[in-house]
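One line per chain: the protein sequences are A, B and C, in this order.
Taken in order, the first sequence gives residues 1351 to 1616; the numbers are from my numbering.
Taken in order, the second sequence gives residues 7 to 363; the numbers are from my numbering.
Taken in order, the third sequence gives residues 43 to 369; the numbers are from my numbering.
Don't read these hints as lab results, they were simulated from the structure.
A quick note: this is a predicted structure, and the numbers were derived from the prediction, not measured.
The beta-carbon is built from N, C-alpha and C at its ideal position, and this holds for glycine as well.
Do not rely on the hints blindly, as some may be mistaken.
As the list claims (entries may be wrong) - If we take Cβ atoms under 10 Å as the criterion, some of the chain B residues that face chain A in the derived model are:
no.	residue
1	G79
2	G211
3	G214
4	A219
5	A226
6	I232
7	L234
8	V268
9	D270
10	K355
11	L356
Unchecked claim - Listed next, the in silico DSSO-like pairs over lysine-lysine satisfying Cα-Cα at most 30 Å (straight line):
no.	chain 1	residue 1	chain 2	residue 2
12	A	K1502	A	K1468
13	A	K1468	B	K134
14	A	K1549	A	K1602
15	A	K1602	A	K1468
16	A	K1468	A	K1379
17	A	K1549	A	K1502
18	A	K1549	A	K1390
19	A	K1379	A	K1602
20	A	K1379	B	K134
21	A	K1502	B	K134
22	A	K1390	A	K1502
23	B	K355	A	K1502
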Amino acid sequence: MRAPGGSAVAVGDVLLSVENVSLSFGGVKAISDVSFDIRKGEIRAIIGPNGAGKTSMLNVINGFYHPQQGRITFKGETRSRMRPYEAARGGIARTFQNVALFRGMTVLDNIMAGRSLKMHTNFFWQLLRFGPALREEVAHRMRVEEIIDFLKIQDIRRTPVGRLPYGLQKRVELGRALAMEPDLLLLDEPMAGMNLEEKEDMSRFILDVNDHYGTTIALIEHDMGVVMDLSDRVVVLDYGIKIADGTPDEVKRDPAVIDAYLGVAH
Amino acid sequence: MLYREVGQFKTSYTSDQAIFPILQDRLGIVALIVVAYLVGATGSDFLLNAMLIPFLIFSLAAIGLNLLTGYTGLLSLGTGAFMGVGAYACYKLTTYFPNVNILLWVLVSGFFASAVGALFGLPSLRIKGFYLAVATLAAQFFLEWCFIRIPWLFNYNESGAIEVPQREMLGIIITGPRASAQTRYFVVLTIVLALTWLASNLVHGRIGRMWMAVRDMDIAAELMGIRLLPTKLLAFAVSSYVCGVAGALLVFLWYGGAESTVFDINQSFQILFMVIIGGLGSIIGSYFGAAVIYMMPIALRAVPGWFGLPLQPATVEHLTFMVVGALIIFFLIVEPHGLARLWQIAKQKLRVWPFPY
Amino acid sequence: MHLLYQIFVDPFVQMGTAPDLLAQTLWEGLVSGVLYALIALGFVLIFKASGVFNFAQGIMVVFAALTLVGLYQGMTRLGVSSPAIGAYLALAGTVVVMFLLAVGVERLVLRPLVNQPDIVLFMATFGLTYFLIGLGEYVFGGDPQVMIADQLHLPRGRIDLHLLGGVVQLQKIDITAAVIASVLVAALAVFFQKTRIGRALRAVADSHRAALSVGISLETIWVIVWFAAGIVALATGIMWGARSDVSFALEIIALKALPVLILGGLTSIPGAIVGGLIIGLSEKIGELYWGPLLGSGIESWLAYVIALIFLLFRPQGLFGERIIERV
């Protein structure tokens, strides 16, 4: 799919590339000179002990934080500063560690909100509703219903999200991100706080999204089992520095990684 | 038994997306509108003048504020001033172009309020919540000062007040001292219903979702590609438009005149209380809230009288303040979504009646 | 061209030619600034310790003053002969009333709303404001009352300074107000920084839940803080009422404390003073020298516009804490 202003990327090519990114807050250096890439169609895990800078890295990719040094290249376009809505427009979607759903709205409305970028009927048709605005609503509703079917959340579509249990909220958030039809999906600890059954469900959904829609996925995750099963490649961060980069098997055996997780001083 | 959805299957997304999907709701609304027009033909002047016309106008103002504060989450204390901008704009427009239909000017005056509202809404890019409320206070006090200090606004009238001139349409007198209560009621009813319909369409579609997203979690909204400043400015613009029209209606079709004190901070608080009690983020709630707040002093005056304990007018005013204040706290504690939520719950119960659940 | 001259040159010329008037205006500005600061102080207390923005602080000032005068009148009717005793008894009574008010607010407003977002608590204080306005008018009537300044033995009269080619008049009551305000500020600043309860209060402001989990009794703290704010309100009411009568018009003036807070920072006690002084000075100077250009009465909105400009460039105020949003 051709992004506006970007070049088409084939499966296997680099979709997003992080080059020498450094990020500090005041005196604290969250990320130091980190570089890695994400290839189209893969599932890339970003792991590391707490405080390693993983969420900050996602925030940089998203455009929430602007790195003091370094650049991000996405779909062939390089930029050092990007606004969050530019990231959205470019095809990056995201979920959050502490579910960031719109609590005042139902599941259906939340996911429909994810279609905002693709809805274009202007203000005056919106005032009238019947006509182009309604047709657009219905058209997008159909796409949203596909996602609802895919995630098996049909019977809660009219429930206000605040009332849902945590596991379902995470699923709805995934649905909302999918509604954007992103090229790159960033998942920040999608399994956090879930029991085994919920984790299995979510893992299956993630794999399906990657298979079925071809979406490239980058996820932060603490559960090693999940990481090993799901991901194609892994980046390991510790204290804001990249300490390993490779397939799950390579990374699992890397002594630096083992040290970092065991808390060996270095 | 009556309020059942059984048998009403939605066979298309279009009908599922309808604003009133349940047939009984649709019938109810139609019946209500028919009754509203009938009351205009048969109701007493007192009923129309003292109760229904102001109720409708304040409901409209409450809808306006609700769009901004209830749906978009931007607390505004400047509603009174924005209403004033509409009223004074209408006054100047009809002064300069007296032969143009006054209703057109009423609807156009909203755009002036809209522009002013958007201007004072610019800070919302950088400030939120309570700070934004204080910024809207700047709008309120500054505009109030303008209404007093810019004599051009009230045509250099010595008293500082404006008097509504007589205007006609199709041979019927619509504004001015000789306009009949019926005429004014029908005009107000029609305009308020029309704007309610437009507002309702907006909030049920893409724009309403954008506003609510900004209200609930603006960071996530940005990630959906929703641009914060244009969305917030749109909220200010549309909200101020509605309030401006309400202000013009207030002066031209009810009071018949105005001084600057009509659009003071007390007015802003009154409308805000209507929105809180009626329900933040609900169009129908705006009507409920307007009814409660507007009728409160009337009820407080009338009810003790029925029990043989008439109250002094001053006491009624004091009691009104106390009861309203207490109600605000009560609703915020018990049902922050206001009467609208209570109404929804009642309908829910009605759907399964006579079964308990 | 003439307009530019009027804005940028003329006012300063006027200041130069009548320096005694300038000094007088500066003094007036400082005095009203001190009084704004006192109101703002009450806000800061409550905000610092409970995270609640108490819109009702202004009406608490009026309410406290009215209660004092009302109780005094009650005392004289009951036959208390000595005005001084009557006054101080009334003062004690008012303190009790403010305490009861604090307890009432804590139990009926704060406790039920304990985990709601700040904006909800803010709106609840609107309700509280209206309630107190209604109650105050009902109990005390709507007419302006005279503050019992003499009976409280507050200094009367004025000092005339002969300088700068003219006379600058300083009312003794104003000097007293400045002194009392300074004492209150110093005391509160020390309290928050140095004492155990003060630190507990700051903890509560950061997070109700965290404070609860550490075993800090929220209810007690809230009562203490609202009571303290009530005392500050009482002091403010006395000072303000002594200069001009006590009436509900004071409530609108009290709203000016909001711009003061924005300038000073919501959580800063010294900020309330500095902010108050800046606003007070700007208003008086602005009204006198630039007012005639625009038409009089710019005092009604100047403070807010200054605050608005501040909000755009430095939302945390001069001394407040930066708010960082974490994702």
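Hint-by-hint comparison with the structure:
no., hint, in the structure
1, G79, "holds (9 Å)"
2, G211, "holds (5 Å)"
3, G214, "holds (9 Å)"
4, A219, "holds (5 Å)"
5, A226, "holds (4 Å)"
6, I232, "holds (5 Å)"
7, L234, "holds (8 Å)"
8, V268, "violated (29 Å)"
9, D270, "violated (31 Å)"
10, K355, "violated (17 Å)"
11, L356, "violated (18 Å)"
12, K1502(A) <-> K1468(A), "holds (23 Å)"
13, K1468(A) <-> K134(B), "holds (28 Å)"
14, K1549(A) <-> K1602(A), "holds (21 Å)"
15, K1602(A) <-> K1468(A), "violated (41 Å)"
16, K1468(A) <-> K1379(A), "violated (37 Å)"
17, K1549(A) <-> K1502(A), "holds (15 Å)"
18, K1549(A) <-> K1390(A), "holds (25 Å)"
19, K1379(A) <-> K1602(A), "holds (26 Å)"
20, K1379(A) <-> K134(B), "holds (29 Å)"
21, K1502(A) <-> K134(B), "violated (37 Å)"
22, K1390(A) <-> K1502(A), "holds (27 Å)"
23, K355(B) <-> K1502(A), "holds (28 Å)"
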